[in-house]
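Those protein sequence lines, which keep their order, are chains Y and A. First residue of the first sequence: 1, per my numbering; consecutive thereafter. First residue of the second sequence: 1, per my numbering; consecutive thereafter.
Hints were generated in silico from the structure; no laboratory data involved. As the structure is a prediction and not an experimental result, all values here were calculated from the model. What you were told as hints is all true, and nothing was included just to trick you.
Below, simulated SDA-like cross-link-like pairs (lysine to any residue); rule was C-alpha separation at most 25 angstroms, straight line: (1) Lys59/A to Met119/A; (2) Lys110/Y to Gln39/A; (3) Lys110/Y to Lys45/A; (4) Lys110/Y to Glu124/A; (5) Lys168/A to Val42/A; (6) Lys110/Y to Ile55/A; (7) Lys266/Y to Ile321/Y; (8) Lys113/A to Glu111/Y.
Some chain Y residues well away from chain A (every beta-carbon gap over 12 angstroms; in silico): (9) Ala80; (10) Ile83; (11) Thr161; (12) Ala280; (13) Arg329.
Positions of the beta carbon are idealized from the N, C-alpha and C atoms, including for glycine.
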Amino acid sequence: MPDFKFGLEVQDTERREININNYQPPPHIRQPMLFQDQIAGNITGTWILMIVFIIFFTGLIWAAGVYFDRDLAVPLAIIAMVITFITTYASYYNSDKIVLSMSQARPATKEEFPVLFNTMEGLTIAAGLGTIPPLYIIDDEAPNAFATGRDLEHSAVAVTTGLLDKLDRYQIEGVLAHELSHVVNRDILLATLTSILVGTIVLLSDWLIRISFFGGGRRRSSNDSGGGILAIIALIVIVISPIVATLMQLAVSRKREYLADAHAVKLTRYPEGLAGALEAISRDTNPLEVANKATANLYISNPLQDHGGWLNSMFSTHPPIDERIARLRSM
Amino acid sequence: MWGPLIVAIALVVIIIFMFVGIYNRLVNLREMIRNAWSQIDVQLKRRHDLIPNLIETVKGYSNFESSTLEKVIQARNMAMSATTIEDKQQAENTLSGTLKSLFALSESYPDLKANASYMQLQEELTATESKIAFARQYYNDTVNVFNASIKTFPTVMFAASWGFSEQKYFEVVDADREVPQVKF
Chain Y
1 MPDFKFGLEV QDTERREINI NNYQPPPHIR QPMLFQDQIA GNITGTWILM
51 IVFIIFFTGL IWAAGVYFDR DLAVPLAIIA MVITFITTYA SYYNSDKIVL
101 SMSQARPATK EEFPVLFNTM EGLTIAAGLG TIPPLYIIDD EAPNAFATGR
151 DLEHSAVAVT TGLLDKLDRY QIEGVLAHEL SHVVNRDILL ATLTSILVGT
201 IVLLSDWLIR ISFFGGGRRR SSNDSGGGIL AIIALIVIVI SPIVATLMQL
251 AVSRKREYLA DAHAVKLTRY PEGLAGALEA ISRDTNPLEV ANKATANLYI
301 SNPLQDHGGW LNSMFSTHPP IDERIARLRS M
Chain A
1 MWGPLIVAIA LVVIIIFMFV GIYNRLVNLR EMIRNAWSQI DVQLKRRHDL
51 IPNLIETVKG YSNFESSTLE KVIQARNMAM SATTIEDKQQ AENTLSGTLK
101 SLFALSESYP DLKANASYMQ LQEELTATES KIAFARQYYN DTVNVFNASI
151 KTFPTVMFAA SWGFSEQKYF EVVDADREVP QVKF
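This is chain A alone, in the form it adopts within the complex (with noise of 0.2 angstroms):
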């Protein structure tokens, strides 16, 4: 009479655990996704931090084009100001892009491009566009994870009553691929 009663409590015990697991699964997925966002804060604090320092430099050559400049300037201070992702998404393809007019244009200042703080901070600068491009690889490698999760069987049966939803890629705009419009 004992045999059913075991037998049930054991089927019990399996499926507890098996709740359990999945759902420590979803809670690591979701702290790594955190995690990988927080990298990318980093990285994009990073550039912000870098950039006063470049247009200091690229200041001191006098014939330098300043409405270059401006455009950096401004697309950081948009950066830093915007509040939401697709805000903030949008904000740092602006600055990506008129960096990259900033280093193209550097490229007819020979005295520039030979300034040793200047090599520094284009070193600095093109890391941390690398370290980015990462950083969002990385975010965007673990969302997928998560989001393939939350869709399949079994998960996909609890997950919504759980609290996991659906979480955002971090996407590359278009303005990310413009040509930078270089004038002289």
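Isolated chain Y (complex conformation) (with noise of 0.2 angstroms):
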């Protein structure tokens, strides 16, 4: 438990000082950007990706089936699509309990976590909410978190146990008001389910460049002559997937991360809780063992270890963390 002093001093003067349209974010987003925009077009985001993941995994089956025998690649993507169907739609009302069990989060009590309820309880108050998200605990030394669900009745906050130890008072408020501020703007709903449905490609193609490049002798004893050109166009779409699928998931990610921070500040008047618990989460040198590429776009801060170079910059899930900073405290 963090140790903690009476705080009232800043509670009552120091946040009565911010004004939250001081908040610059990078030139490409867009702002002021109303709550109820964000949410339409989150759900409008939700459709799209539900429905090109659907065209992209029946697409990528039907390569996959020409790939290996021409003749079952038809009735394989048929198959494909009623599965991606039945998958798509099974993700939008189980998302959290598949993201949640992926990280091996446990439920939080009250008893072992007071620290956390209240600040979560202080923080739906400021949003003018009748109930809090549940709350779960990832057992790492990690200071992390994240938040998931498709709606304000159905989220989750999950931190691990590393940043209630590591951050202080007002640093634990800021990371929870930045999660909270996902769930208010139905981020999570989109951002879950680029996860579960990006990640399945991305870990489908790696399995099928795996079998292409050691088991696919098949293809060699077709003697169709338009099997060579057809298998080329398979074989590009397999290596492509994972690569647009990653870029599809960045889109997502990225620019909502500045507007989390900015509500979150709107929430709490104290950009300094924030700033200081990402300047924390980002000194930190444990890695997170839940985490994987898939998960990792739903996380407060990247919780895989950059090495750095423009390749990662591009493909990074996240802002730079010192970029997020700096505007925080400019305000």
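With the hints as a guide, bring both chains together as one complex.
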């Protein structure tokens, strides 16, 4: 539990001086964006994502079918389409549970984590909400947090034990406000579905690439002359799909991080809390064991260790943390 | 000959819908303000309920300065019996100040600080204090939106005749910002 002194001073005086309009997101982000606009945008985005996913996945299976056995390509694609419909539908309704179990999160209790609950309760009051989102704990020393679910009633916020141990009360408050903003703005629906659907494509492509390099022998026995060109197209699709999927994931998450930072400060009226938290999180060198390529975009700070270089920065799911801190401190 | 009549009816319908929209928005906002106010009340009551336990716990430490405790009890009673909004604000702010003195003073009692039930009470009171601040912030934000909307066109033309009047903000009185006097 972080050591904390009775902190009325900050709450009553400094908090009030902040003008939310001073927050300057990068130029490519449209501002000011209304909550309603953002919610509508996220819902449209979710539909587009689901449709694109179904088309893409069907195409990928068709490509794989052509590559391995042409006669099976069309029936396989039809089966794939039906399966994707069902999985997309199921993902929509179970997105929070899937992501929580992927991250090995367990439900938190107020007895064990009073600061976590009290802080979140305060923030929901600030946001004018009736209930708090269910809170989860990940037993990991790396400080990090994420929000998931499809709407306010079916949402969850998970934090690591490292976050509660290493950050002070106002920093925790900043992080939770950031996550609550994602929940309120419906960012979580799009981000969670992206994680599941795009994650599936990435993992499946990885798997297909491996098979095609080590076991794609049947193609050679085919005496069909058109098979060669189709097979090349299929191979290209298999190779390109994870790249496209990753880019899709990035477009979703980067812009939303800045907006959630801005909305977090609107709730806490204390930018230094979140700025200090981001600083502490980025300084921490413990890797988060339970994060992977699929869930990385959900976290407040990229849990996968960066190795630098332009390629990495192009494929980064999060805006540079220094940039976010600087913008918070300039308020 | 029906043309102008249809246009006229359409205009009337549009205007009626506009009126209904404006009226409903104001009613919704006023409900939000009421809810926000009751949320402040819930948190203030929570604080009143926690104080007797705190006093009991602190009393156990015989050498704890009794005048500080007296002030907290007195401020709590004042706050609970306040009737007007102004009195309430004043009394609650005084209570915040006395609690702050109490916690500041307890810094010099290591045994008390290590006491489990004291630690729990301090956490709860700190959290409640923070929730009061947040509830007040939300209340003031909502009042701000409401006041702005009844003062702007076209709402300003009907707001008064519909019985909507400007709402008061929940101010932080200066007493709250006084530096606590810690005596040893």
